[in-house]
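Sequence order for the protein chains is A and B. Counting in the working numbering, the first sequence runs from 1 upward without gaps. Counting in the working numbering, the second sequence runs from 1001 upward without gaps.
Treat the hints with care, as some may be off.
Unchecked claim - Label-pair restraints from in silico Cβ distances: (1) S1256/B x N768/A: 13 to 23 Å; (2) V1187/B x T216/A: 50 to 60 Å; (3) G1202/B x L203/A: 46 to 56 Å; (4) N768/A x R1255/B: 22 to 32 Å; (5) M1040/B x T431/A: 54 to 64 Å; (6) D698/A x E1023/B: 38 to 48 Å; (7) L237/A x L1043/B: 31 to 41 Å.
No lab work stands behind these hints, which were simulated from the structure alone. Built from N, CA and C at the ideal position, the CB exists for glycine as well.
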Amino acid sequence: MTATPDLSTPPEIGGIGHSVLRREDDRLIEGQGDFLDDVVLPGMLHMAIHRSPVAHARIRGIDSSAASAVDGVVAVVTGELMAAHNLAWMPTLSGDTQAVLATDKVRYQGQEVAAVIATDPYVAADAAALIEVDYEMLPAVTGPQQSLSADAPVIRDEKEGQTDNLVYTWESGDAEATDAAFESAARVVSLDTFYPRSHPAPLETCGIVADVNSVTGQATVYLTSQAPHAHRTLFALVAGLPEQNIRIISPDIGGGFGNKVPIYPGYVVATAASLLLGTPVKWIESRSDNLISTGFGRDYHMRGELALDGDGRILALRADVLSDQGAFYSDAQPTQFRAGLFHVVTGSYDFPAAHVTCRGAFTNKAPGGVAYRCSFRITEASYLIERLVQTAAYEIGMDPADFRLLNFIREDQFPYTTPTGFVYDSGDYHTALRKAMDEVGYAELRAEQAAARAEGRLLGIGIAHFTEAVGAGPSRTYDIAGLKMFDSAELRVHPTGKAILKLGVKTQGQGHETTFAQIVASELGIPVTDIKVVHGDTDNTPYGLGTYASRSTPTAGGATSMVSRKLADKGRKIAAHLLEAAEADIDLAAGTFSVRGTPERSVTIQEVAFAAYTNMPEGLEHGFEGVSYYDPPNLTFPYGSYIVVVEVDAETGVWKVDRMVALDDCGVRINPMIVEGQIHGGLTEGFAKSSMQWITFDEDGNCIGSNFMDYLVPTAWETPRFELLETCVPSPHHPIGAKGVGESATVGSPAAYVNAVIDALAHLGVRNIDMPVLPDRVWDALESAS
Amino acid sequence: MYPPSFDLTVARSVAEAVDALAEGGEDARILAGGQSLIPMLKLRFAAPSLLVDINEIAGLDLLERTNGHLRIGATARHADIVASDLPGGAVASAAPWISDPLVRNRGTVCGSVAHCDPEGDWNSVLLATGATVVATGPGGERSIDIGDFVVDFFTNSLAPGEMVTEVHVPVPAGASGGAYMKLERKVGDYATVGVATHLELGGDGTISAAGIAMTSVAPVNRKASDAEALLVGEAPGDELFAAAAEAAAAASEPRSDVRGSAEWKRNVVRVYTRRGLEAALAQAQAG
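So that you can see chain A by itself, here it is in the shape it has in the complex (with noise of 0.2 Å):
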């Protein structure tokens, strides 16, 4: 590696560190976006699927002879045709097989039993509900204690050698110090509590247009994609398709969440339409079919133990996970953990011992634990870690604040090897926490709140204080399905110094666009508005792993710099060239390469970029252009201290947010207008996850919440006013110190809120209340508290 260059740029440049406005929101505020409900082929069909109304049941028949005849329907496509071409089932990212369209069983409501393929969207969805299937009822399996209970039906009865609905048993840590660290401790606290399972909700659900030419054989496939390399890897796989005759375009994105990472049943059945029709098949999902069918995030039922010492410090963590899994086993996640990276449950203390264990089981819900903006079960863990270090400091009668302060990792304890295995790269939690606390107003607030209390009002105060483990790989210990996790970026740069950056990852609203050109903008000096950022598209963009996990900026935005460094370099040996002087002697800094000593013996980034075109040095190659492939030695570790101040209704249970008071630590922020955006976003899903939001289910397995008047999204009205605080521990192996972002306000804001809640029943002895938070749950705890 290169030393690390001056990159601080004048706006007219606009690199990193200036909120340089998005450069993609013109197209998509003016309605030019191109999104995928937006393409539009020749001869293209529609496609309409027809769901399973119950949760469970034996198919006895399929009658789809009254769709076959209304007319415009092209055909019906059932298990049986996709089991001829040996695509009933395909597998999972997690090593499990799914069924595309069912034949033996539907396993729950919604899963996918026959297409509709015709003319108009509308002919599609009238024929879909006409489609009659022969079901015998079988009893649905709603939970996982449930599931895993001995007399309760198999749920995978097709899989060999599957007998029980265990999906699998996983532990990190080490069992026999946490045990001698319990049997030793002075003090034992526990919390129960459950994670429910949600949506991410994307306000564009997911969608295909497959155009398979019958001809060339090459297969356009037009992808709501948050990873289309990696799709277009794993279609190859699936439908036995040769990869260079697959084209994965991932248009426009309307906001992904994870839910766009995995292959849907659609996505495969919409290609085989394809494929055997010779024409292009357009399929996109309802509401109703995203929110039922697709990936769900958590669904966690979680047990944690702290082991404390007689001054409060805590010396072992256990937890204990039984995960909701659905009917497949279909969480997006690396290869070696069954359970994400959980085990990062350790959170932000300093914990001699730690052991986790968890468990899955399927049940009769939709398949797909995806990390719903979150890297890998992380938001589970750090929900987990928040309450239980508030609920320590309750029963040993702390403040949270101080229990948190006395049992931190310290700044100089990192480079910090946890007990489960991560090494935490950077950080100085202390200095966050505190320079939140002074901006709430802790003490004051504690004072407030003793009074409130004498008056009868109910005010609460609920720390969150999270670290998040983001960015894979490293490849050696990251894969998803057997890819491997490092990321790239493709640079050239034309004669005139206007660059073209692309990209391996693919924003979905994240800010790709605008931010990886501040990052060649800071690396080479050219302005910001002269690169172009294309990414989403497999024939013209360098492999990669894809936009999730908070990766993209750790990975692809490690390889902008390394590649953005290899032209610096090349850069050099020109500039040496024009300005006759030894390339040893040849500074960069902000667009201008200059002869050390004699700065105005100089010649622009422009001027080099002319002349790898027209006046060339003997010896170098032509063009001014690269690619890097960058594996991140490590995951990055960003954290945040977050403070919620709320007021209890002690009438009826309502609680309202009175202060938000959010401070971030991501290392080096490329763009801090963007970076507090997702911050904002963050920060909204926490508090819908906290107050309002939740998918369940009725005894029978029937979705409650398929739409958006049952499943809640918040609106700005409900939503708080944020106060953003952020400090800046730069990560040490990231090539310009930064980490990622994107997910650090979800992971570490429903800790805060329900803290917060908790806090202001703390006082009658009031330890959880399981999310949402409903009003009716505060009023029962605080009915059978007094």
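Given chain A, work out where chain B should sit, using these hints.
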């Protein structure tokens, strides 16, 4: 979300609309703001054969105060009520709580009234204020007391071929006040619990008339008649309001669901009735 196919007629007059309804038979529906109907079509919960669009009918959007009544026409939008100075009491209090701004801009009061969704807000307000629904059909126009209009869950007392053309809310001559207390999970959500209250005061300060009606806590919007009876003729006060609130809670029949437990909802009825009566009294006493 693709609705099943249907025919559409755009009526230019009430007479045209009534004729179209009669011709369309049982499966014909009026399309006013469409804020309940269109989602039901998209979810395929409803499959009408014919929609009769009344939005082009001139003069149907009236909103005026005449003869001691607030008259609200069939195409007057919720947003019109919010923006107008004419409504007072529970009507003015409820209007900004109807769903969200998008729905208020398009949805109509009369459409909501006719829909008879027990989670709809307006029928509680009309029950509390003693309003009248004006229906027009093949036989002409007739007035229906709101208590007789609301029959059951999504069921009104319109005869075949009739449509709601107006709602009349009485405007008391003396001191009066009203409120609508609504607990919702978020903007745009149906009420978890809604309570409309209405009080009129005699010259001596005692309660001369009282109205209380509740949303989302019974199979229909429910008038709390026992609670109203407790109030009439009495001097307002904390104990009286607490007793009325208790009676309202007793008259509610909430069900446990994802919004919360029945027991808690009944408690919210109690709290919101009391708070609503306090707000109504403050308004009446302020004149």
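Each hint tested on the structure:
Evaluation of the 13 to 23 Å hint for S1256/B and N768/A yields a pass: the beta carbon distance comes to about 21 Å. Between V1187/B and T216/A the CB atoms are about 52 Å apart, so this pair conforms to the stated range of 50 to 60 Å. At roughly 55 Å, the beta carbons of G1202/B and L203/A sit within the given window of 46 to 56 Å. One distance hint, 22 to 32 Å for the beta-carbon pair N768/A and R1255/B, holds here, with the actual separation near 26 Å.
For M1040/B and T431/A, the Cβ-Cβ distance of about 55 Å falls inside the hinted range of 54 to 64 Å, so the restraint holds. Distance hint check for D698/A and E1023/B: the Cβ-Cβ separation is about 41 Å, which falls inside the suggested range of 38 to 48 Å. Between L237/A and L1043/B the CB atoms are about 37 Å apart, so this pair conforms to the stated range of 31 to 41 Å.
Violated hints: none; the structure is consistent with every hint.
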